[in-house]
Structures are given as C-alpha cells and as structure tokens.
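Given the coordinates of chain W, assemble chain H onto it according to the supplied hints.
In the order they appear, the protein sequences are chains W and H.
Here my numbering is used: the first residue of the first sequence is 1, the next is one more, and so on.
Here my numbering is used: the first residue of the second sequence is 1, the next is one more, and so on.
Do not rely on the hints blindly, as some may be mistaken.
To be verified - Pulled a few chain W residues facing chain H out of the computed Cβ check, cut under 10 Å: (1) Asn9; (2) His12; (3) Ile15; (4) Glu66; (5) Arg68; (6) Gln69; (7) Ala72; (8) Gly75; (9) Gly223; (10) Gly255; (11) Asp258; (12) Ser260; (13) Tyr261; (14) Tyr262; (15) Phe263; (16) Ser265.
What the hints assert, rightly or not - Far from chain H, by Cβ distances over 10 Å, these chain W residues were calculated: (17) Leu6; (18) Glu25; (19) Lys202; (20) Leu251; (21) Gly256.
Stated by the list, open to error - Simulated DEER-style distance windows between Cβ atoms: (22) W:Gly135 to H:Ala225: 24 to 30 Å; (23) W:Arg252 to H:Ala225: 51 to 57 Å; (24) W:Leu6 to H:Gly255: 20 to 26 Å; (25) W:Ser180 to H:Asp224: 49 to 55 Å; (26) H:Ala134 to W:Ser123: 52 to 58 Å; (27) W:Glu210 to H:Ala225: 35 to 41 Å; (28) W:Arg38 to H:Glu113: 18 to 24 Å; (29) H:Gln4 to W:Glu210: 36 to 42 Å; (30) W:Gly135 to H:Thr55: 43 to 49 Å; (31) H:Pro164 to W:Glu217: 29 to 35 Å; (32) W:Ser123 to H:Gln181: 52 to 58 Å; (33) H:Gln4 to W:Ala198: 48 to 54 Å.
Keep in mind that the hints were calculated from the coordinates and are not lab data.
Think of the CB as a built atom: it goes at the ideal place given N, C-alpha and C, for glycine as much as any other residue.
There are 2 protein chains.
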Amino acid sequence: MTMQTLSLNESHGGIQGVYRHPSRETKTDMTFSVFVPRRTAGARLPVVTYLSGLTCTHANVTEKGEYRQACAELGLIFVAPDTSPRGEGVPGDPANAYDFGLGAGFYVDATEEPFARNYRMWSYVTEELPKLVAGHFPVDAARQSILGHSMGGHGALTVALRNPGRYRAASAFAPIVAPSQVPWGQKALGGYLGGDKARWRKHDAVALIEDGAKFSELLVDYGDADQFLAEQLRPELLKAACEKAAIPLTLRRQGGYDHSYYFISTFMADHLRWHAARLKA
Amino acid sequence: MTMQTLSLNESHGGIQGVYRHPSRETKTDMTFSVFVPRRTAGARLPVVTYLSGLTCTHANVTEKGEYRQACAELGLIFVAPDTSPRGEGVPGDPANAYDFGLGAGFYVDATEEPFARNYRMWSYVTEELPKLVAGHFPVDAARQSILGHSMGGHGALTVALRNPGRYRAASAFAPIVAPSQVPWGQKALGGYLGGDKARWRKHDAVALIEDGAKFSELLVDYGDADQFLAEQLRPELLKAACEKAAIPLTLRRQGGYDHSYYFISTFMADHLRWHAARLKA
Chain W
1 MTMQTLSLNE
11 SHGGIQGVYR
21 HPSRETKTDM
31 TFSVFVPRRT
41 AGARLPVVTY
51 LSGLTCTHAN
61 VTEKGEYRQA
71 CAELGLIFVA
81 PDTSPRGEGV
91 PGDPANAYDF
101 GLGAGFYVDA
111 TEEPFARNYR
121 MWSYVTEELP
131 KLVAGHFPVD
141 AARQSILGHS
151 MGGHGALTVA
161 LRNPGRYRAA
171 SAFAPIVAPS
181 QVPWGQKALG
191 GYLGGDKARW
201 RKHDAVALIE
211 DGAKFSELLV
221 DYGDADQFLA
231 EQLRPELLKA
241 ACEKAAIPLT
251 LRRQGGYDHS
261 YYFISTFMAD
271 HLRWHAARLK
281 A
Chain H
1 MTMQTLSLNE
11 SHGGIQGVYR
21 HPSRETKTDM
31 TFSVFVPRRT
41 AGARLPVVTY
51 LSGLTCTHAN
61 VTEKGEYRQA
71 CAELGLIFVA
81 PDTSPRGEGV
91 PGDPANAYDF
101 GLGAGFYVDA
111 TEEPFARNYR
121 MWSYVTEELP
131 KLVAGHFPVD
141 AARQSILGHS
151 MGGHGALTVA
161 LRNPGRYRAA
171 SAFAPIVAPS
181 QVPWGQKALG
191 GYLGGDKARW
201 RKHDAVALIE
211 DGAKFSELLV
221 DYGDADQFLA
231 EQLRPELLKA
241 ACEKAAIPLT
251 LRRQGGYDHS
261 YYFISTFMAD
271 HLRWHAARLK
281 A
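So that you can see chain W by itself, here it is in the shape it has in the complex:
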C-alpha cells in the first residue's frame, strides 16, 4: 500500500494533506485528502469520511468545506476521496455529460462495459481507502463515520445502511435518497449496473430501507432553495421510508439555502459535532 504525498499544509493547528496512490480497485491513481488535527502523542482519533457530489474531486470540500476548525476542536480525522477514477484509458460519458462517467462514479461497482474495469468506487470507499488510511494515519478504525453531499450523500447513506456495524454515525447534505426514482440516479445506475432495476436496490437508500436495512440514526439537511430538490433529491421519500421502518431521521429544511458549498459549509460544523457525539459515546 504505497502512497505519495502531494502537499502538506498546516491549518487550524493540524495538517491538511493531499495524497495519491495506485488503486487496486480502480486500476488508476487516486487522489484524496486527509486532515489530521493536533493530538497528544500516540493518540488514535475517530475518522470521518466525506463523499463529494457530481463533478467534484477531493479539492472542493478541502478548499470550501470549512471543516478544519471543527475537526480540530473535536479531534476528528477528515478523509475526502475523489468521486470517480480518472486518467488516460478511463471511459467517461460519450456525450461529456457532468452527471455520468468522470466525476460521477455514484459509489457503485460497475458491472457494465466499458465501466466495469475502473468504476469500482463502492469497493474503493468501503474497503481499499479505509485500509490505506488506517495504515498511514493515526485513526481509531473502531470509530468511523461517514457523510456526504448530493451524489456523495447518496453514497454516505447507502454505505452506512449496508455497514451499520462499521459506521457509528451517518449524515448528508442534500442527498440523492432514491436514485432509482430520479433522473440522475436512473442514468447512473442504468449505465453502471444495467437495466435490471432489482440490482439497483442495494445502491438506493430508500430501497435499502424498504428491503430491511437499518441504521441507528440519520441526520439530513437540505436547503429549500436547492435547485435540485424537487426533481433529484426528494427528501420526502427518505422521510416516509424511515418512518415506516422506524429509523430515527433528523431531517432539517434550511430556509434560503441552495445546493452549493455555501450551504454545506454553513452546517458542516454542526454535522461534525453530531458525528463526534456518536463517535465518542
């Protein structure tokens, strides 16, 4: 598990690093960022993984997420992977759309050609990256949590629902909660997993809950000025599924907020405090 350090910047008393490694899953080099707050010597810290949305790399949240101050105060390591494989030979969307292919891995292991070889973001974020991070950073692997935005909110919810024993907390900003029922998700799941919709269900938070998945408690924020709310996000579907399955959901409608990092950064510290309370319980 080799890893190359691309940059290290002191920030908020800790170290913000950016790293690259050859991924076994994606067969490409993958870049990710890790913030490690100041800690007492020998201390192992809880680790929060943040999954980004369409078009993003690790850089968007690293530059605009405003998570470092809260992570420094709470003693959390913050990991931000890329959203897809990239590089020569990685197939993208033939029409160069922003919502499929490069920058739009949707956190699935593709089964369809020509994507199956490289688009293995599910295995990357749930298996390969956590092991790499645990091998190189002072994390307490028993205390992990996950959050994300939009497509990354979809990723965080599905990862948590399928691994309730591994993640102690999960939350999302403006997540896609039912990809099988919305255009972004139908395009992505159809393209990566094929036309059999039964195979989409394990990558659909609402369908997973309908099929019996459980999680201790979920936190979701969305802005009521989010331009994607009604067509792509549809938080009411998550609310209905959680109510039926008796999964505690804190669903907050934030007045005036849109889909951007101006929204995410506003509530980031609040989510991290919520995670920290559960990671340290």
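Frame of chain W, contents of chain H only:
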C-alpha cells in the same frame, strides 16, 4: 453607480453576493464580493475590506477564507475586491509574469505607460468601491476597517497608514511590509510608478512610518514556513519601524504555517474578532 448582481448564496445565516460594476477608476468592469450577515431590520453594520494577494481575484478569499461564520457572529460586512483591472485592452505583463500586471495591481495608481489609464487600484479601493458599497449595502461608513494578505497586506497597511481617521482597525496576513526593499515590490512600484524611488515611499508601509505616518495599532500574522518570508515579506522591517515610531504592533510568528489560504483561514476569525473589538469600541 450601477451594479449588477452575479450571484447570491445564503451562507451562515447571511447572504454572500458577487457583484460587477463599470469602474470609473479602472475604466473596466470590476467584480467584487460582499457578505452581509443576518441583522435586525434597519441596522447598519461595520464593514471590513479584505485586499487579496498576487494572482487572486475576489473569489479566492470568498471560497477559501472561512470568514463568514465569524462575520455572522460578530455582525460584520465583509468586502473583497479584485486585485487589478482585467479585460480586453488592459495591458498585462509582457512576459506574462504572475507578479506584475493582471492580478498584481499592488494597490497603487499607476503613473507610467501603458498602465496609467487602468491601473488605479489605490483610488478604486479607497474611494470608488467604498462609495459604491455604501450606496448598495447596509454599512455604517463611520465604522470601517481593512485587512489583507501578502500584496493585499501591503495594500491594507498602506491604506490604513494614509487614512488613520477613516479605518478603525488594520491587520495583515503575511504582508509585504517594505516593497521598496524586496523584489516583488521593486518590480511593481518601478513598473507602475517609475524609477524615482521617492515616489514609492507613500506605497511602502515601512517608508510611510519612517516618514511620520501613524496608526493606532496593527496586527500582523506570518507563518514561519512561509516560502516568501525572508526575501519578500521581511516582517522584521515593520517591527523595527513600528518600534522606532512607537506604533503598537502585535506581530505573531505562527509555527509551521505557509503562505496559503490554509494559513489565512486558520487565523481569519481571530483577526475579525480583533477588528470587531475596535469597530464596536
């Protein structure tokens, strides 16, 4: 004084806007950002102007400065102008260097050709922009302060030292304190103002202090891992000048920090609290 709104995003309970207007001074369209926190109806708020460094536009600090939470808590309006005129017909550096011309206005009114027509950033940030902002936003013009980074730290210090009655507080991150004595400054002041070094002194914080300028109190942070520290920034020159002139200077050496926004964002809230205490005194 017409002004066009390019974007408005709710953030940290206030509104982050980006605006464009035809500038009388630069003879170009100029873009700037303004954050207005939530306020009680009719309230006029103190205004902090942030001047950016080489290569930057308004966008760098707007995205990476982490100022909104503190401004929301403290009730400060935050204004971030661009660093130079831009657009067709604006002369840049013939060699396309990053440290002269476009993105490198150095907060002076150029007297040399071909720059004199457009490069009027001194008058822009001290006269035109404050009037425009006062006309469009709920500012209390009697309570202004200024801060900046690197070239913008130079700008903030020189603007404050020449207008001590107008600005109630001034601070800087990693400022160029003596441009007449360092390569960046010599190139810029020589190019914009010509070879007569006597004319550079009013755009050199250390020279201004040597020539009798006063300010109530200054705050300067720099990182000891800043790659530009020894050659371009030279904070010891400001320390010596302030000591001789009995200007109170809080000069803080921050261990491990570099010249980036990872440094600025770490200490931004601290600077804003320092400004707020003086703006509200």
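Results of checking the hints against the structure:
Interface restraint check: Asn9 of chain W against chain H, minimum CB-CB distance 4 Å, threshold 10 Å, status holds. At about 5 Å, the closest approach between the beta carbon of His12 of chain W and any beta carbon in chain H falls short of 10 Å, and the interface hint on this residue holds. Checking Ile15 of chain W against chain H: minimum C-beta separation of about 8 Å stays under 10 Å; hint holds. Hint status for Glu66 of chain W: holds, given a least beta-carbon distance of 5 Å to chain H, under 10 Å.
Taken as an interface hint, Arg68 of chain W checks out: its beta carbon lies about 7 Å from the nearest beta carbon of chain H, inside 10 Å. Look at Gln69 of chain W: its Cβ gets to within about 7 Å of chain H, closer than 10 Å, so that hint holds up. Proximity of Ala72 of chain W to chain H holds as hinted, the smallest CB-CB distance being about 9 Å (cut-off 10 Å). At its closest, the beta carbon of Gly75 of chain W sits 17 Å from a beta carbon of chain H; the interface hint therefore is violated under the 10 Å criterion.
Because the smallest distance between the Cβ of Gly223 of chain W and any Cβ of chain H comes to about 7 Å, under 10 Å, the interface hint for this residue holds. Because the beta carbon of Gly255 of chain W sits about 8 Å from the nearest beta carbon in chain H, less than 10 Å, this interface hint is met. Given hint, Asp258 of chain W at the interface with chain H, holds; its Cβ is 6 Å from that chain's nearest Cβ, closer than 10 Å. Annotation: interface hint on Ser260 of chain W holds; nearest CB of chain H at approximately 6 Å, less than 10 Å.
Annotation: interface hint on Tyr261 of chain W holds; nearest CB of chain H at approximately 8 Å, less than 10 Å. This hint holds: Tyr262 of chain W has a C-beta 4 Å from the nearest C-beta of chain H, less than the 10 Å allowed. With a least beta-carbon distance of about 7 Å to chain H, the hint placing Phe263 of chain W at the interface is held under the 10 Å criterion. Among the interface hints, the one on Ser265 of chain W holds; its C-beta lies about 7 Å from the nearest C-beta in chain H, closer than the 10 Å criterion.
No Cβ of chain H approaches the Cβ of Leu6 of chain W within 10 Å, the least distance being about 14 Å, so the stated non-interface status holds. Against the 10 Å criterion, Glu25 of chain W stays outside the reach of chain H, whose nearest CB is about 30 Å from its own CB. No beta-carbon of chain H comes within 10 Å of the beta-carbon of Lys202 of chain W; the shortest separation is about 35 Å. For Leu251 of chain W, the condition that its CB be more than 10 Å from all CB atoms of chain H holds, with the nearest at approximately 19 Å.
For Gly256 of chain W, the requirement that its beta carbon stay farther than 10 Å from each beta carbon of chain H is not met, with the minimum near 4 Å. Between Gly135 of chain W and Ala225 of chain H the C-beta distance comes to about 27 Å, which sits within the given range of 24 to 30 Å. Range check, Arg252 of chain W to Ala225 of chain H: about 40 Å between beta-carbon atoms, so the 51 to 57 Å window is missed. For Leu6 of chain W and Gly255 of chain H, the hinted distance range of 20 to 26 Å is satisfied, since their beta carbons lie about 23 Å from each other.
Restraint check, Ser180 of chain W to Asp224 of chain H: a C-beta distance of roughly 54 Å satisfies the suggested window 49 to 55 Å. Between Ala134 of chain H and Ser123 of chain W the CB atoms are about 57 Å apart, so this pair conforms to the stated range of 52 to 58 Å. Between Glu210 of chain W and Ala225 of chain H the beta carbon distance is about 53 Å. The supplied range of 35 to 41 Å is therefore violated. The hint said 18 to 24 Å for the Cβ distance between Arg38 of chain W and Glu113 of chain H, and at roughly 52 Å that hint is violated.
Judged by the Cβ atoms, the range 36 to 42 Å given for Gln4 of chain H and Glu210 of chain W is violated: they are separated by roughly 48 Å. At about 37 Å, the beta-carbon gap between Gly135 of chain W and Thr55 of chain H misses the expected band of 43 to 49 Å. At roughly 55 Å, the beta carbons of Pro164 of chain H and Glu217 of chain W sit outside the given window of 29 to 35 Å. Remark: the range hint 52 to 58 Å for Ser123 of chain W to Gln181 of chain H is upheld by a beta-carbon distance near 57 Å.
For Gln4 of chain H and Ala198 of chain W, the hinted distance range of 48 to 54 Å is satisfied, since their beta carbons lie about 51 Å from each other.
Comparing the model with each numbered hint stated earlier shows that hints 8, 21, 23, 27, 28, 29, 30, 31 do not hold.
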